[in-house]
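Taken in sequence, the protein lines are chains A and B.
Okay, so the first sequence: first residue is 1 according to this note's numbering, each after it adds one.
Okay, so the second sequence: first residue is 1 according to this note's numbering, each after it adds one.
Honestly, the hints are just simulated from the structure, not real lab data.
Just to be clear, a hint being listed does not mean it is correct.
If you only want the chain A side, here are some residues facing chain B, beta carbon under 7 angstroms, derived [as the list claims (entries may be wrong)]:
(1) 462
(2) 521
(3) 538
(4) 541
(5) 627
(6) 631
C-beta atoms are modelled at their ideal positions from N, C-alpha and C, and glycine is treated no differently.
There are 2 protein chains.
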Amino acid sequence: MTATGTGAATATGGATATGAATAEERAKDDEEGGGGRSDAPPEPRLAALREAMERERLDCVLVPSDDPHLSEYVPTAYMRRGYLTDFHGSAGTALVTLGGAYLWTDSRYFNEAGLCLNADHWQLMRQGVGKVPTINKFLTDLAEEKRKCGLSKPLRVGIDPYVHPASFVKDLTEAFDAATKDFALGEGGDGDEEASEADPANLGEIVTLESNIVDEVWGDERPPVPTSPFRVHPLEYAGESVSDKVAKIRKEMAGKKATMSVFSALDDVAYLLNVRATGDVSTCPVGIGYVTVTNDDVVLYCDPAKLAAEDVRAHLDEACVVHMPYEDAVPAIERHVKASRSHRVWIDKSRANYALCDVVPESRLVDAQNAVTPMKACKNDAEMEGMRRAHVVDGAAMANFMAWLERTVVDEGRSVSEVEVDKKLTGFRAEQPGFVELSFPTIAGVGPNGAIIHYSAKEGTDLLKSLDTTQPILIDSGGQYTYGTTDVTRTWHFGEPTEQFVEMYTRVLKGNIGVDTMVFPVNTPGFVLDVFARKSLWDGGKDYGHGTGHGVGAALNVHEGPMSISPRWGNKEVMKKGMVVSNEPGYYEDGNYGIRIENLLEVAHVDPTDDICEEEGREKPPGQKTFLRFDKLTMIPIQKNLINVKMLSDEELDWLDSYHSEVLEKVSPLLEEGSEAMAWLKKSCEKIHRS
Amino acid sequence: MTATGTGAATATGGATATGAATAEERAKDDEEGGGGRSDAPPEPRLAALREAMERERLDCVLVPSDDPHLSEYVPTAYMRRGYLTDFHGSAGTALVTLGGAYLWTDSRYFNEAGLCLNADHWQLMRQGVGKVPTINKFLTDLAEEKRKCGLSKPLRVGIDPYVHPASFVKDLTEAFDAATKDFALGEGGDGDEEASEADPANLGEIVTLESNIVDEVWGDERPPVPTSPFRVHPLEYAGESVSDKVAKIRKEMAGKKATMSVFSALDDVAYLLNVRATGDVSTCPVGIGYVTVTNDDVVLYCDPAKLAAEDVRAHLDEACVVHMPYEDAVPAIERHVKASRSHRVWIDKSRANYALCDVVPESRLVDAQNAVTPMKACKNDAEMEGMRRAHVVDGAAMANFMAWLERTVVDEGRSVSEVEVDKKLTGFRAEQPGFVELSFPTIAGVGPNGAIIHYSAKEGTDLLKSLDTTQPILIDSGGQYTYGTTDVTRTWHFGEPTEQFVEMYTRVLKGNIGVDTMVFPVNTPGFVLDVFARKSLWDGGKDYGHGTGHGVGAALNVHEGPMSISPRWGNKEVMKKGMVVSNEPGYYEDGNYGIRIENLLEVAHVDPTDDICEEEGREKPPGQKTFLRFDKLTMIPIQKNLINVKMLSDEELDWLDSYHSEVLEKVSPLLEEGSEAMAWLKKSCEKIHRS
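Chain A on its own, in the form it takes in the complex:
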């Protein structure tokens, strides 16, 4: 499954707007209607929100999509932006002023958001398009205009400190500071040499609200925060005890002179405590909670209902993990800070909400990647064993499914809807041992729907299509098994593809092989490898708009940091032995088709003696480098008759044959001899005709 697009501007990016019109007027000019049309009947949610804003003397309120753990997938209770705007896409931030209402989202969602928003009241702000300002630019412009109107008080921007990353608040604060300076300079520039040099009053003020102001409006309709119970993630799969993980964290804390570490990302919490949960966050096996580690204790802050299971309580007791109420996390951090002037708290500001950080003075806060992140990213032997098993099992499920699909579409000549594809595939996965749920919502797109990167087929929609032999289908799917997580994409075509389709399929495949076969020294950032996925497409003057690879958790989130293989040059995380990453180049023709070939890969040493050196902490002789390579996890054939063999080198053809022979060897023992799945797998894994 692809991670976020590569080129999409973030809300805090750098687009600018100029001209004499106010920020709000300009926004209206850019769009049809929206943003608070004066002749529209009142919108009850916005009206109630504005009433609360006036009580709090706020000029505007920010409503993001985030939960307090900054999760990628968010429980419904935290979908405040969705509730307020009716737009439920994964990315988007609403800004409500007393006179207008704005939604920023990225190019993936322009279409959907345009359909969902009530244009009488809402203005769509298309991030990264032409003159559309970023949220920060929009806010600083608003603040300048307020000042220009002679109002000396700063623009008051209300936020719920629990649902913004601390880094966002820092960026906005800096934007207000810079705008204030610039504004003062502009005033001074009018020739008034005598004007005071004293610091001008700030143009903007971020007001952290005691409770979420949208919840007041949502009232009893708001769904409860989920309280699914934790289950123990057995040592057999986790590979390392909680005590050992805590010991490692404490060692890192000593190095950083930190006396407390705060973990707020839900996969960090689940990984650290060797627990999992189902239901809190759909497709992510995590439960809502925070953890703090000091030299004296490990505390889990969560709803008591999450500890309902006896074995979970025993498991946490054994690791000396203490339980406290969920709401006590921030006060506990504050108490720790106040207990001694030598106490220092380690929080990764880019991955923690502002409320957690706000109680720690800047000089006492260690803002760095937390100690769990690198541990979690580099899978240990037990975790990797589970991941390998999950992928073989997943290969068997896919063979069963593909045999059914091909028979149904080709032999029986029946069209199969994208929704049926999803259901049937999920059904085959569910038959496998240890299956828990999907690892993300299946993307099954026939023809043009394959070109919609995060497409989700829904019954009864205009977009829904059915698969027959005239069009290809892109299927991106994965499973959560108790022992591992999978994620695979293939594009299939049961009819006669066009020559152009075959050319592009082959270029995508060459890109996949390009990354798969790379050998590279340690300390190589992921982005260095990205270009090999694109080389063949670039040669043909084409490209794709998403990254090539994301990290994947071990029986954990399908998107896991810190590394990626993508043209986000800012992510300098290097590839390390034990990491699991996706390799998913693609090519998309809007309105026509989508191609993506995705395998998960594990990072391994080229020279196995490096494993021993690493374990024993021995250093290489000077001048000698350790090299890394990829091993394939995904065990699912690549459709051979979509390939132009003339475009592949002998080495690339060998690669394909060797992969198919590995797939056959590993997956066939899980299939019944003589079954249609076995027949499909054998046929699919035959050597490719080289002419």
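Use these hints to put chain B onto chain A, whose structure you have.
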């Protein structure tokens, strides 16, 4: 010619030292002797310097290699570090305390510096090695120790503000600030809850000296600052008038709200004013001076002797460039700042000395890449024509030289010393029309000397070797012509290379072809391409320690920013049409041999209609990307019998044949029919045997 190594830690990097010993004691422990041995007889230069330091109440003085223009090659008058330490390598910074003396340099110079320094008085600080602290870390440690000794006054560090980049002073200031905070925290951490929360006195203070303190010691022995006259760089080669360049700069200044632009890099000055000079800086056709541009004037600050030529004065007059004394640059900037509160000065702090920036308040300084940098990097048609011509001419010189070398070594069986190689090659270049001087000191290294990246052969040294048929030679050389600048590396072997040498030569060649044949979209940073130069070496578990490509000036400096092709991920400059870059993968076996294959390349549009679109400012239809490719400038054959053809693909073999046919076509018209050079060229450009 390779740019600086990829992995070398900079002086401001992050190594740390720990333990109870003082910074100076630790430094002595790490090394044999040095740093101020108490029983050594006094060193007169250091003694005189310390006398001056005591007068200025300084604890230490920094003596870098830089001139006021932060040039790569420095006039002797500015080689203060060389004078003081006897070490004359291009990189190194000296620090003298009242009791010790230290020289930091990088791995290229460990050997040379070790031999040059007087170990009784100097301590070599090997940057990037083990526990060796950076200069900043060393200074903050010293400052902490001073405070711990109960001295409340800060450590006073003397600098000449003209020879440090403004960014260095900023970094050191921040290092002192951070250390001061940390130190106060450490004090507070001892349990003294009542200690004052007030800002602690800073541990360190940077003292900007009125005049250079080393020059006091150097006295009359110091060579004068050179005053070579400027010559006009004709419009025929420059392609754009000074007035047009100034107009573009003023447009950029308006966008940045800057009222003055300061240009201090000597190639910026030469480019902007369409002048060149020979003699101020060896191998660089530039003259010493600053330029400021405001909306009212363009001022050149330089020694009047530089304007001795009538035509230069007329040329500058025509462009309304005013002359002022060299020493007036800083006062002029200060006057401009004070003239109006709306005045803002644009200086690139990373490329300008601290004295220029120090007179501009932070809020009035626009710190960004200056407007000349991108103009200079993207060559116009006239500049590119000159560059192409220079490379064909250079190819003819090299054919003459190689024919002579092969005859001498192979046919006559004579050994040719590296120094003779340099002289002879320079002689053949000097015969070409418009030749001015070399573009950098020739690197000619036989056998193991080829593995010394910045080797310079010198008569009478132990290292000097002679070429015969038993060993390879690496020759990296280039010329300054009035119309263009060249830079090329080849490794030659006139005997029987080993199989391993041939394998590595072939891998290096594959790397060169890998970069050369890349097609990539606009907005691709140079570092994205670097990995294609390394891929074949990585496949074999090998690598090289320098970057792959640097920018090259048009009849200007051989190393020119801002772009590079290298694993310096911090340099996000993207490749653009009209840039000229080197492509020079290599492989080095210490004590054995060096291989490097370097061509200069120009960046061009894949689709020539993009040239028209660009000229007319038309945008592409949405979704369509503009792609770039490289054209070869260097016209010098690659030795075919060093290649293992089995390791090259058909496409790579085609590439070689096609390159050689282009070389023959372009260079042969400059050679005499029937000459030995022509025979050498024809033979060298024959198609390669494919089996």
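Each hint, compared with the structure:
no.: 1; hint: 462; verdict: violated, 23 angstroms
no.: 2; hint: 521; verdict: holds, 6 angstroms
no.: 3; hint: 538; verdict: holds, 5 angstroms
no.: 4; hint: 541; verdict: holds, 5 angstroms
no.: 5; hint: 627; verdict: holds, 5 angstroms
no.: 6; hint: 631; verdict: violated, 17 angstroms
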